[in-house]
Structure formats: C-alpha cells, structure tokens
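Put chain B on the given structure of chain A with help from the hints.
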Amino acid sequence: MSTPTPLLQVEDLKKHFAVPSGPFRPRNWLRAVDGVSFDIARGETLSLVGESGCGKSTVGRTILRLLPPTSGRLTLDGQRIDTLPQSQMRLLRKRMQVVFQDPFSSLNPRMTVRGILADPMINFGLVRSRAEIDARVATLLDKVRLPADAARRYPHEFSGGQRQRISIARALAPGADLIVCDEAVSALDVSVKAQIVNLLSDLQAELGLALLFISHDLAIVEHMTHRVAVMYLGKIVEIADRRTLFSRPRHPYTRALLSAVPVPDPKAKRQRIVLTGDVPSPLNPPSGCAFHTRCPYAFDRCRVEGPALRPRASGQLAACHLDDLPPV
Amino acid sequence: MSTVEHSEADRGACFAAAPQLPDVHPPQRIRGRFASFAFQHPTIVVGAVLLVLVMGCAAFAPLLGTVDPGAVSPARRTRVPSEAYWFGTDMLGRDVYSRVLYGARVSLIVGLSVAILSSVIGVFIGLVAGFVRPLDAIIMRATDAMMSIPSILLAIALMALSRGSVQNVILAITVAEIPRVTRLVRGVVLSLREQPYVEAAVAAGARTPKIIRQCILPNTLAPITVQATYICASAMITEAILSFIGAGTPTSIPSWGNIMAEGRAIWQVKPYIVFFPAVFLSITVLAVNLLGDGLRDALDPRSAKRI
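Here the protein sequences come in this chain order: A and B.
Heads up: the first sequence runs through residues -12 to 315, numbered per the numbering used here.
Heads up: the second sequence runs through residues 70 to 376, numbered per the numbering used here.
Everything labelled a hint here was simulated from the structure, so no lab data went into it.
Since this is a predicted model, take the numbers as computed values, not measurements.
In the DMTMM-like style, the derived pairs of lysine to aspartate or glutamate whose C-alpha atoms are separated by at most 25 Å in a straight line are:
id	chain 1	residue 1	chain 2	residue 2
1	B	Lys339	B	Glu152
2	B	Lys279	A	Glu119
3	B	Lys279	A	Asp89
4	A	Lys1	A	Asp164
5	B	Lys279	A	Asp121
6	A	Lys180	A	Asp204
7	A	Lys130	A	Glu119
8	A	Lys180	A	Asp136
9	A	Lys254	A	Asp204
10	A	Lys1	B	Glu263
11	A	Lys130	A	Asp164
12	A	Lys130	A	Asp189
13	B	Lys279	A	Asp69
14	A	Lys180	A	Glu209
15	A	Lys180	A	Asp164
Same shape as in the complex, but just chain A (with noise of 0.2 Å):
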C-alpha cells in the first residue's frame, strides 16, 4: 500500500464550476470534482477510470493546477501545492507533466519537435547551451523510439502515434516525476494503443516514473496499472490495487463497468450488468449516494445517506452501505 510519504497527495479535492444563470438568480455550481482523495507513490501507476463527464480529467488538470482547485489540499512530495501562487507553482511544474489525449492539437503547429522539447528545459533554466539542447533532444527522441531526424520537422509530419511519443518525450524533457495522461492512448488505433502503453510502461520501468493514467478504457487499464480508482459524478467510489478491483469488485457502479469490457472471445459467456438510465447531472446530484438512481441494490438509506470509503476485507476501498455485493 501507501509509502510513508507519497510522491502526491490529494485530499479532499474538490473543484466547482460556476454555471451562470439569470441575473438576479443565484449562480449554479456544477460539481466536477467533489471530495477527491488519493496518493500516488513513486514510480506508481494509479487509474482513474469512469463515464464520460465523471470529473476525472478536471481532477487531472486541477492536480496539475492548470485549474485552480475550489478546495482541499494538494501534496507533491511533502510540499502544499495547491496554495502556492502561481509564479512559485511555475517552477514545480517540472515536476508534473501532463499527454494529452488529442495528439493533434496538443503540438504547437508551428513549433519544430526540436522546439517543442526543448521548450521547457529552457523555461526550467534546465540548459546552458545550444549543444545541450540538441544532445537531450537526441536522447528525448531515443528515449521514445523517435528517429534523431525528427527534431527537425513539424508535428504534422508525423502520425498520432508518433505525435503522442513526441508529446510524451516533451513530458520527460523537465525530468517530471509524475506524469498525468489524460486519455493520452484513446484516440489511437489498438496497434499503437498498445505501443504506447508499453512505451510508457517501459519508461517507468527505467525512470521510476509515477503515472496518473486517467482512461475510460478498462482493458488497457488492466494491463498497466498498479490501483485503479473508479469515480463517479465527482467523486470516487472504490479504489483498489488491479487485481483485487478486477477480481472482486466491491461497489455496484465498479462490478457494472467491468461487465462492459468486451471479451475478444464469441463463444464466452458474459453476464452483462446493464444500468438503466443516464449519469445525473453533476448540477443537481441526487441525495445520499450519487449512484442509487441507477444501482439495482440500491435500499432506503441509499437514498438520505451518502457512503463514505471504507476499508473492505479484501483489501480496497470502497463507497457502498453493503459489505458485500449479492452475487449477479
């Protein structure tokens, strides 16, 4: 489990987005993120995985604090981050890096690959010389299975795949010890999926890397992780090392989206957990657990009580009034 101290630490997290309404009305707070708690050890990888629209990319960008968070408290190796202002939170950024999921528009269009990676060792006052840049280019490129000739060219030389080992080399650039990836395999064919999965297992294998790996995609999650956290509108649910979460899952929402992963097998039988209904919205989430609109254990106190995470026998962590689920 959890290092005495881990590299990142988050607490409560919360992030809100104010909605406007009328003028005279009072302002809407649509719920993103609300009460987030993790931590992250070195060379760890965590997923976080949900539907569309749970809040798991705001946590993403709010840990990087490309968002401001609305509360709580974040810890990057011991040190409060999320009140730093920003010209002193500049300098840690190094620390964290972030891949994007779109590989086409996270590359400057005009920016050479060379001047994409090199652009944040100059802005971490990283390197002296021109020498310097072109010999941790060099290695930058090998290091992510990129040609040395790539430094020359554009981004849109380059296909998604290659596009998101130059985003993941631009990550590395700073020496980052955390790196999120925001959907960073999803919008990839299966082949290249793969290659830059193992890629970035690979580097964390080599680096000690810790990886945020935010996907919706459970069976490339399965692959590749060390926890997955589940959320669910805002908040998370259970969380987990891989193999407990996969083999025994503990919250209903957790056991109904790992009866949607498909099995590469026709003749298999499944047992598909079909939830009825849509995610509410985060505008207006239903009282007690923000799941019983949809789960089919849902009881009374469901409904007045939100479950906090506890400790469950087998080891996770999980936000449900039941101690076990019924078997499906």
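For chain B alone, coordinates are given in the frame of chain A:
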C-alpha cells in the same frame, strides 16, 4: 496535362488492385513554386497586380505625365477628355487625370494606415480582453457600445470635433474600426487558450508573455491579415465618403472623395469628373477585397497545405 498510360491500368486490372490514378500534379519543371501558388490562388494574384498598379500610379504620379493637381486655369474649365487632358478638366480648370493620380496617394495612405493602426491597437486590446478576465467584460461592453454606432457616423462625429486633415481622417476611421479587430482577436484568443497545446505550454512552465508570443500571436496572424485587408478597403471607402461630404480630406489635397464632391454639381452634363475617380476607387477597393478573399482561402487552416 499529363497523359495516362492505359496499358498500366490494364495490367493492374488482373490483380484486382486499386486502379492507377492519373498523375494530377503538374510537371515540376514547367510550374515553379510561385506559378503553382498563382495557379491555386488566382484572386490573390489579380488583386495584388491591380493593387500594385494603383500603388505605382500613386508613387510615380509626377512621372506619369501629370501637372500640378492644384493648378487652376479658369479659361480651360470643364473640358471633355482629350489628348491634352486625358480625363478632362474640372470646374476650376484643374487636370482631372493629375488629380485622380495624386488622389490615389490619399486613399492608399489612409487605407494602409488605418489597416495597420487598427490591427495593432485591436490586437493589443483583444489580447488584454482575452487574457485579463476581469477586464474582458468592460472591454467588450465598450466595443459593443462603439459598434452600435455606424462606423461612418462615428468617423463623421470625430471629424466634426477636429480640423480636416489626412492624419485626422486616419485617426477617425481607425477609432471606428478598432472594435472589429478587438472582437476578432478576443475570439481567437479565447478559442486558442482552450487548445491543449496552450495548456501543455503552461504545464511546460512557459510564462504568459511567451505563450502569447509562441502560441497565440502566430495563430492570430492569418485572421488578422484577412481582416486588415477588409478594413483597408472599407477605410478607403469611408475616406471617400468623408471627403465627399466635406468632412474629410481638405480640398487643397486632392482625394477621390473630394474630386467626386466637386464634380457632383455638374455630373449630369460632365459625368467624367465623377466617373474617373469613382472607377479608380472601385478598382482599388475591388483589388484589396480580392486580395483579402484570396488570403482568407490561402490561410484557412482547413485548406492550407503549408503551416
């Protein structure tokens, strides 16, 4: 155009492969880079050529058989176009050809100055509005207020407050055009700020000035260039209107607007005094608009092959 080798296609057919398509690229040795650009964007070329011609007329007016455009000779007034007076003479006997050529200077200077000034100022205010959120609402309401006044009326009002001179005309039209550029730039900035590569630049430790220089400004250049050509065209028309109603360029300096204004009284009997400056104005505005349309197509990221 290149010919298709039919035997190639026949041979390929037995393998049921994709048919060989004819080579649609023009042979490289005939068409150079410039020629192929001209071929793809004829409007740019036509607009640029016309504009260069008018600019040449303005710049080399003294060398193109003109006389002093202000020299009056009452004995030779309202002559029809002839070999001596190519565009005829006006009510004071001044040579209309000379006046039209010298008038091109005023129109071009006003058009270009307004385009450049309003773009520079508009880009600055637009960047402030896009980056300093608290100021955004204030700036935008101010531009709304200014845009609610037709720009020609605003220019007339500003001219009424000042002395008639070319500089004041430029300033009056610039003030009226700035809100348009501001709105455009703000829109571009707000959409660019949401781009992942801008967020990535923030994550990569770039400071705001660098982000503006590296990510924002290069991408506003294309829409601003296009907008600037339209502003240039509309500024030339506004200048002509201001001069026509006597609120613009002083009569001592010939401009297409005031030449037309002076010819207006007798246009039914001597139409050429109005006709020639009007033709020049139309051609120049058309040239600038063609250039703008062509640039818009060429710089549109969806159709652009370069970037």
